[in-house]
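Chemist: Listed here are the chains, written in short residue letters.
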Amino acid sequence: MKLRIERAALLASLGHVQSVVERRNTIPILSNVQIEASEAMLALTATDLDLAVVDKIMATVERPGATTVPAHTFYDIVRKLPDGAEIELTYDQAQRRLAIRAGRSSFQLSCLPKEDFPVMATGDLPHQFSLGAEALKRLIDKTRFAISTEETRYYLNGIYLHAAATAGVPMLRAVATDGHRLARSETPLPSGAAGMTGVIIPRKTVNELRKLVDGAETDVAIALSDTKIRFTFDQVVLVSKLIDGTFPDYERVIPQGNDKQLEVDAKSFAQAVDRVATISTEKSRAVKMALDNGRITLSATSPDQGSAIEELTASYAGGGLEIGFNSKYLLDITGQIEGDTAQFRLADAASPTLVRDAGDESALYVLMPMRV
Amino acid sequence: MTGFCRDCLTDVDGAAGRCPACGSPRLLRHPELDDLSIAHIDCDAFYATVEKRDDPGLADKPVIVGGGRRGVVSTCCYIARMSGVRSAMPMFKALALCPQAVVIRPNMAKYVEVSRLVQARMRAMTPLVEPLSLDEAFLDLGGTARLHQASPARMLARLARDVEREIGITVSIGLAPNKFLAKLGSEIDKPRGFTVIGRAEVRTFLADRPVSEIWGVGKVLREKLAADGITRIGQLQDRDPLQLMARYGAIGDRLARFSIGEDDRRVQPEREAKNVSSETTFDEDIAEFDRLKAILWRQAENVARRLKKADLSGTTVTLKLKSADFRIRSRAATLPDPTQLAETIYRTALPLLKVECDGTRYRLLGVGVSNLAPADLADPPNLLDPEMGRRAAAERAIDAVRAKFGDAAILKGRGFSSGGRAKPPAGSSSPSSHNRRNPGPDRR
Numbered sequence: 027m028k029l030r031i032e033r034a035a036l037l038a039s040l041g042h043v044q045s046v047v048e049r050r051n052t053i054p055i056l057s058n059v060q061i062e063a064s065e066a067m068l069a070l071t072a073t074d075l076d077l078a079v080v081d082k083i084m085a086t087v088e089r090p091g092a093t094t095v096p097a098h099t100f101y102d103i104v105r106k107l108p109d110g111a112e113i114e115l116t117y118d119q120a121q122r123r124l125a126i127r128a129g130r131s132s133f134q135l136s137c138l139p140k141e142d143f144p145v146m147a148t149g150d151l152p153h154q155f156s157l158g159a160e161a162l163k164r165l166i167d168k169t170r171f172a173i174s175t176e177e178t179r180y181y182l183n184g185i186y187l188h189a190a191a192t193a194g195v196p197m198l199r200a201v202a203t204d205g206h207r208l209a210r211s212e213t214p215l216p217s218g219a220a221g222m223t224g225v226i227i228p229r230k231t232v233n234e235l236r237k238l239v240d241g242a243e244t245d246v247a248i249a250l251s252d253t254k255i256r257f258t259f260d261q262v263v264l265v266s267k268l269i270d271g272t273f274p275d276y277e278r279v280i281p282q283g284n285d286k287q288l289e290v291d292a293k294s295f296a297q298a299v300d301r302v303a304t305i306s307t308e309k310s311r312a313v314k315m316a317l318d319n320g321r322i323t324l325s326a327t328s329p330d331q332g333s334a335i336e337e338l339t340a341s342y343a344g345g346g347l348e349i350g351f352n353s354k355y356l357l358d359i360t361g362q363i364e365g366d367t368a369q370f371r372l373a374d375a376a377s378p379t380l381v382r383d384a385g386d387e388s389a390l391y392v393l394m395p396m397r398v
Numbered sequence: 315m316t317g318f319c320r321d322c323l324t325d326v327d328g329a330a331g332r333c334p335a336c337g338s339p340r341l342l343r344h345p346e347l348d349d350l351s352i353a354h355i356d357c358d359a360f361y362a363t364v365e366k367r368d369d370p371g372l373a374d375k376p377v378i379v380g381g382g383r384r385g386v387v388s389t390c391c392y393i394a395r396m397s398g399v400r401s402a403m404p405m406f407k408a409l410a411l412c413p414q415a416v417v418i419r420p421n422m423a424k425y426v427e428v429s430r431l432v433q434a435r436m437r438a439m440t441p442l443v444e445p446l447s448l449d450e451a452f453l454d455l456g457g458t459a460r461l462h463q464a465s466p467a468r469m470l471a472r473l474a475r476d477v478e479r480e481i482g483i484t485v486s487i488g489l490a491p492n493k494f495l496a497k498l499g500s501e502i503d504k505p506r507g508f509t510v511i512g513r514a515e516v517r518t519f520l521a522d523r524p525v526s527e528i529w530g531v532g533k534v535l536r537e538k539l540a541a542d543g544i545t546r547i548g549q550l551q552d553r554d555p556l557q558l559m560a561r562y563g564a565i566g567d568r569l570a571r572f573s574i575g576e577d578d579r580r581v582q583p584e585r586e587a588k589n590v591s592s593e594t595t596f597d598e599d600i601a602e603f604d605r606l607k608a609i610l611w612r613q614a615e616n617v618a619r620r621l622k623k624a625d626l627s628g629t630t631v632t633l634k635l636k637s638a639d640f641r642i643r644s645r646a647a648t649l650p651d652p653t654q655l656a657e658t659i660y661r662t663a664l665p666l667l668k669v670e671c672d673g674t675r676y677r678l679l680g681v682g683v684s685n686l687a688p689a690d691l692a693d694p695p696n697l698l699d700p701e702m703g704r705r706a707a708a709e710r711a712i713d714a715v716r717a718k719f720g721d722a723a724i725l726k727g728r729g730f731s732s733g734g735r736a737k738p739p740a741g742s743s744s745p746s747s748h749n750r751r752n753p754g755p756d757r758r
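Protein chains in written order, with this note's numbering: chain B, 27 to 398; chain F, 315 to 758.
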């Protein structure tokens, strides 16, 4: 294998795939990235056995071929080479070494054979549809902060993507929850997605996908089965296993009868919560919201630090109510609100509160109060 | 000079050699006797003394407690010490020095029990009791004289006498103006000692003592000091603290202050707990999951009760097992939220235990929680687990019944092992279970 490629293109592509490779690996081949040169194309593949990313870039290929090299070392080398450099990659099959040359720099990297590199078979992917990159980004952004990190309830460690209907309109929905808060976002159901099985996409896949899709210029083709999902766009293919578990019946958690309605300017509310939370203890992060007709009083106290209080005007007529929330959870949600107004629907100090974005019908959040 | 008899506590004036009331020679006299209030109490050869107490046949024999765990001497009695046996000495070496010694495997549960009795008596004298381990503690008796109608020295002598008479073990006491000197004092006249170090004699008392007796001077610093020709505390007296700090780092300040007997550390009664745990050493090794499970439940209840009592909750649940060959396995799981419920601790530890039940025979099982948080953060309502609230309510109802009618009023079936003999419920003082509330790593 021998090829020449521009540093910036190689760096971008390696950047796409190297984060899939775990820093610590007991199996040496999993520390490597596969590089495969064919006609005018260089394909880079990285995998952790649950997730594989292939990124293709243009290259001047003299001799096709393939091998694998340590991903993070390769990435670091390319990163440190001067901007604008042209890089020559030459694989010496006999020595099992990849030579990396650019200007006066020359590196030799030990390789492991391509044959040892694990291939992630997708099997049959019966459901196929396509989704705009922007729509996919929104689904992820509005839900991923609520993904649980708790290992015992592993089925919460991802985004639940499924088909549903809102007011009779078929929707593709993303839901994530950790038991303290729940985030739901939806987009009209793309054709081809009707009848798809609900799948749980693991957190790491969600995060890698979100990074990759940032620069996407085309729609994202999604194909899935019960166990695997594949995303294809531009020159990128991401294949991932799905979490084998049952996502809880989240609809039951979304309160229906909350009758106290609060509307507040989302930005000033978020800033006030952030300020007041400076005082709340590291462990609890609790902020108390005291509601009275026409206004909210936010407060926090910490036995060690002192107290904070801030008052905001709000549209509210539900009578006196004191309720506590984890300020981080409040900020996670308000951070996703795009419209001017955040809408709260509350019942009482112990029941789940519903939060909506006045500027975005498609997003919905549920937040469990704290005892304060 | 003011003084009294340590046996009958009668005041003694003048220079009599024996107590005029009871004839005892154990008279305590010191010009500052009634002015000092910081004490260090150290039980004499604690484990060995407890064993001798429980088996009078051992009274005149050399006794070594140890072996088992790491094959070293934990404690040896004073008879064994005469042959040169020391604690932390490898067992084979100890037996070479003292072949006739009786070796006893440590029975920690029993020592914990005795330690509790002794500490309870200390706490009856002052709330400022800082235990350093099972067998030693600092006490600050400042300001208690009027309450007790007796000076700290007299109260301490009474404590030593009562512990000896009623609990059956002996202690040595150091009474001084501060912790550093009190601890040195308790070492001086062991066993059954009572040493008073007054402010007036501090400098002369310390001058000839080795620098290694200063708290914080370990092997490395001792060698560094020795290389500079300093081996006695007296050589540090009147040195400029800044110079000592420049030469030895931050500890230089302490070298200067401790060398003239100045120590302003307070007696700290409650160190913040880092974990709450309960563990049991079995009479016979156990391999069966079902039997271990029942013990685990009782321990979980035990931990939960103490969390509730201390207004704490824990986020990380740790299971500890010790196999018959003394290998320790510990497995932990972290919860999304802190808990103080026995139910949650049990449910979290159970799968960890299940995995370890691979036929290995265990001699010890324990469960604990760490990563502690205040009680008001414990067990928050969960969107996905509405049952949680009900379980918490059920457990609090059980707690309320037990508070009223005793721990045995309500027992869960899972506390009885299937096929095994039913043990007393958690919470009653099962003789082979002991509880620990571990202090932070900065203990000494």
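Note that these hints are calculated values from the structure, not bench results.
Be aware that one or more of the hints could be misleading.
Simulated crosslink set (BS3-like; lysine-lysine; CA at most 25 Å straight-line) [to be verified]:
#1 Lys-726(F) with Lys-622(F)
#2 Lys-309(B) with Lys-623(F)
#3 Lys-163(B) with Lys-230(B)
#4 Lys-504(F) with Lys-375(F)
#5 Lys-309(B) with Lys-504(F)
#6 Lys-309(B) with Lys-588(F)
A partial selection of chain F residues facing chain B, derived with a Cβ cut-off under 10 Å [stated by the list, open to error]:
#7 Ser-397
#8 Gly-398
#9 Pro-652
Glycine residues also receive a C-beta, built at the ideal position from the N, C-alpha and C atoms.
Chemist: Which numbered hints are broken by the structure, listed smallest first?
Modeler: 5, 7 and 8
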